[in-house]
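Those sequence lines, one after another, are chains A and B. In the working numbering, each residue's number is its place in the first sequence (first place is 1) plus 9. In the working numbering, each residue's number is its place in the second sequence (first place is 1) plus 9.
None of these hints come from the bench; they were simulated from the model. Each hint should be verified, as a subset may be incorrect.
Which copy is meant is left open, so a pair is good if it fits within one copy or across any two.
Stated by the list, open to error - In silico lysine-lysine, DSS-like type, Cα no more than 27 Å apart, as pairs:
| no. | residue 1 | residue 2 |
| --- | --- | --- |
| 1 | Lys186 | Lys18 |
| 2 | Lys186 | Lys205 |
| 3 | Lys217 | Lys205 |
| 4 | Lys182 | Lys109 |
| 5 | Lys217 | Lys186 |
| 6 | Lys164 | Lys192 |
| 7 | Lys182 | Lys161 |
| 8 | Lys192 | Lys109 |
| 9 | Lys164 | Lys205 |
Protein chains: 2
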Amino acid sequence: MNALQRLCKQLGLSFNDQALLREALSHRSYGTPNYERLEYLGDSLLNFVVADELHQAHSDLDEGDLSRLRASLVRGTTLAEIAREYQLGDYLLMGSGELKSGGFDRDSILADVVESIIGATLRDAGFEAARALVVRLYGRRLVNLPAADTLKDSKTRLQEYLQGDGHALPLYKVIEKTGQDHKLSFTVECVSEAQKLRTTATASSRRKAEQAAAQAMLESLSP
Amino acid sequence: MNALQRLCKQLGLSFNDQALLREALSHRSYGTPNYERLEYLGDSLLNFVVADELHQAHSDLDEGDLSRLRASLVRGTTLAEIAREYQLGDYLLMGSGELKSGGFDRDSILADVVESIIGATLRDAGFEAARALVVRLYGRRLVNLPAADTLKDSKTRLQEYLQGDGHALPLYKVIEKTGQDHKLSFTVECVSEAQKLRTTATASSRRKAEQAAAQAMLESLSP
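Bound-form chain A, shown alone:
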């Protein structure tokens, strides 16, 4: 059994067109064709199948929660986890420079290859086969979901917490800005008049500093 046959067995696939599977495993450093067109295709199929599974299983969730859950399932770190479970790194075809620099274990490349294999399966065996592969690769991940609430950003959670108690919205204000151009540093203050609380945080962008200040306030509010 050669490497591609072993991989197919592991993934529960039987590829008619082995060249397509090789394309899905070929990094740009290996030449052309490489996995990038199939990754584009697989990415959109994956997004759709995960959206569809969540929509069917969770009639209680609104589109905001569904979108956040989907984003957490299709992000690079989740895909890289899946790639490692199936040892996809062992099958990558790469140029020697990329190999030496550890590309076979890089999250971004591993995530790409999960998508390109999904795309190759679509081209080789059609939509239902590719959908089944997504469901198989994700396994329990599509069932054991994080609480939708925990995926909200800190500002949103703080706002909902305060509004839930009938309080006014928190106020954010940049109180210090230092550095120049791409080395800027923002210090933001978050004030809740109702709770008589004030937190500050510093980060490389206003948005990040606001989120960190909101997180600090959430922490000082939780029992």
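Once you have looked at the hints, place chain B on chain A.
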């Protein structure tokens, strides 16, 4: 024939579950359930089907061109055009405030409803029916594509133009920044040493000003 039956006929659909079609046509201002969950679903199906059609039809295009073509096909203005061709605005269910303010003819709402009807078709009749609807709604748009090159942003096109002639990259520099916070104004200079050309442009962000300066340089380079 009632309104929903007329719409189905126009779209070439036969809905088993009329409640689902009503949901797809209900704006948030009309109450709950509204079209937002179905829009989330239809959006992801639409993205996938358009990606797939382009991938199959254009083996000559790389993933960058495919992505730009897809973006141009699924953006709000294209969807609103399609909605108007099918007079979808006539079938919207909205609260009276939204109706009076012209919501039935707003691009963003019309675009949403194209997606929600696609999502409803998926739930009602399955993937192949929804895919066929997308292909039907798009018609010639999936065939008469803009030249992939015209979808690139101005900085990319300028860079490719200069590199194609073996010239160095253009340089961008902010030469003036006025105003405060959300009323900032940036003036950017674009310089091509090789062509002995210099253009400037002013906009509300550095990125926009750079694009405009690149566009101005492209125009002064074209015969």
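How the hints compare with the structure:
no., hint, in the structure
1, Lys186 with Lys18, "neither (56 Å within a copy, 60 Å between copies)"
2, Lys186 with Lys205, "within (25 Å within a copy, 38 Å between copies)"
3, Lys217 with Lys205, "within (23 Å within a copy, 41 Å between copies)"
4, Lys182 with Lys109, "neither (47 Å within a copy, 37 Å between copies)"
5, Lys217 with Lys186, "both (13 Å within a copy, 24 Å between copies)"
6, Lys164 with Lys192, "both (24 Å within a copy, 24 Å between copies)"
7, Lys182 with Lys161, "within (21 Å within a copy, 38 Å between copies)"
8, Lys192 with Lys109, "neither (32 Å within a copy, 49 Å between copies)"
9, Lys164 with Lys205, "within (17 Å within a copy, 49 Å between copies)"
This entry does not satisfy hints 1, 4, 8, going by the numbered hints stated previously.
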